[in-house]
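Top line first, the protein sequences correspond to chains A and B. Using this note's numbering, read the first sequence as starting at 1 and increasing by one per residue. Using this note's numbering, read the second sequence as starting at 1001 and increasing by one per residue.
Since the hints were derived computationally from the structure, they do not count as laboratory data. Think of the CB as a built atom: it goes at the ideal place given N, C-alpha and C, for glycine as much as any other residue. Treat each hint with caution, since some may be false.
[As the list claims (entries may be wrong)] Covered by chain A, according to a simulated footprint, are these stretches of chain B (three or more residues, beta-carbon under 8 Å):
1. 1043–1052
2. 1116–1128
3. 1158–1167
4. 1180–1192
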Amino acid sequence: MMRGALTLFSLVAVFIFPAPLAIAVALLSAVFSPLTPLAVGILADALYYTESAYVVPLYSLWGAVVALLAFFVRRFVATSIIER
Amino acid sequence: MKKTFLSQRNALLSPGALSLGVVVLAGVLVVLFVRIIFPSVFIQTVAPLWRLGSSVSEGLHTLQSGFKNATILSARVEQLENDNATLMLENTSLAEKLRDLDRLLGSDKGVPVGILAGVLARPPETGYDVLVVDAGERDGVVSGMAAYGAGGVPLGIVSVANASSARITLFSAAGFEAAAWAGTSRIAITLVGQGGGAFAAEVSKAAGVSVGDAIFLPGPGALVVGTVTRIDSESASPQEYLRITPVLNPLSVTWVLLRTASRELFMQPGPKP
Chain A
1 MMRGALTLFS LVAVFIFPAP LAIAVALLSA VFSPLTPLAV GILADALYYT
51 ESAYVVPLYS LWGAVVALLA FFVRRFVATS IIER
Chain B
1001 MKKTFLSQRN ALLSPGALSL GVVVLAGVLV VLFVRIIFPS VFIQTVAPLW
1051 RLGSSVSEGL HTLQSGFKNA TILSARVEQL ENDNATLMLE NTSLAEKLRD
1101 LDRLLGSDKG VPVGILAGVL ARPPETGYDV LVVDAGERDG VVSGMAAYGA
1151 GGVPLGIVSV ANASSARITL FSAAGFEAAA WAGTSRIAIT LVGQGGGAFA
1201 AEVSKAAGVS VGDAIFLPGP GALVVGTVTR IDSESASPQE YLRITPVLNP
1251 LSVTWVLLRT ASRELFMQPG PKP
């Protein structure tokens, strides 16, 4: 329940909150769902990316990096806390 | 032993977390697909959310302002009212002078026509230095048009025009370069976007640029785009580094006027990663 709500909130945050706040929510949601930052990054780039502003879609790239890190963290950290 | 192994495996790839992530990722990919194939439908669908976002940002700003010292704020309001009255008088007299000159020289070409567009999304929501506006090809917007804010301040260039919306890359986008002038003596500089609405430029110390000098972009005449707020220099270097603040905060832009850009604005456009 908490996981679903946080994931949904992180997606909605891309539309309605300033970027730093949306990023913070996405990072928080990575604890519960590692793929969410990647999804948030792709959504943010779908909404705002334009080639003339940046050559690469930064949100998607950083989302992928955070998702990867989240997987590794979940592997090495004592997971009983993260588990439902 | 077997049970422990399974627990660790679950920790690495928790089924609940993964399935949710996969569902969300698939949903977002569908959104991306719609965004690419049907951009107009996409913009129309998300526009209400952006409007809600604007209201939320405004509310947050008001809340933040409410915590500031009321005395300081009232003093600031009074000062701004005085400045505003002075500027209005100056503006009126300058407009009259300009009208007289136009009449004398016969160069009055009238008010330039443009397309008025409401801003759907702006920094900091957009993250990038990009504005999303609610006017598109249907309204006559084409890529390469220049966007001007209140007071005719140049803001950026239309980079993508869809049927009912357009994206404007701000001049302040990181790495974006444009030919500009500094100060009343119009010293030629290359204005470089720094992201977050800020600019920078490098100029010779001998040029004599000082804090408070205006920075102009070419348009019809010279259009003020920012002011020098700080100058960094090293004693050994003949150059100095200008930190420039925009005169119009892109974070509070609610509408823009889109017009065909003057050729000079395209002298050195070149976004860098």
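Comparing the hints with the structure gives:
1. Under the rule that three or more residues need a Cβ within less than 8 Å of chain A, the assignment of the region 1043–1052 of chain B holds, with 4 such residues.
2. As drawn, the region 1116–1128 of chain B meets chain A at 7 residues by the rule of a beta-carbon pair under 8 Å; at three or more, the given contact holds.
3. Evaluation of the coverage hint for the region 1158–1167 of chain B: fulfilled, as 3 residues show C-beta separations to chain A shorter than 8 Å, against a requirement of three.
4. With 0 residues having a Cβ less than 8 Å from any Cβ of chain A, the region 1180–1192 of chain B misses the three-residue criterion, and the hint is violated.
The earlier numbered hint that this structure contradicts is number 4, and it is the only one.
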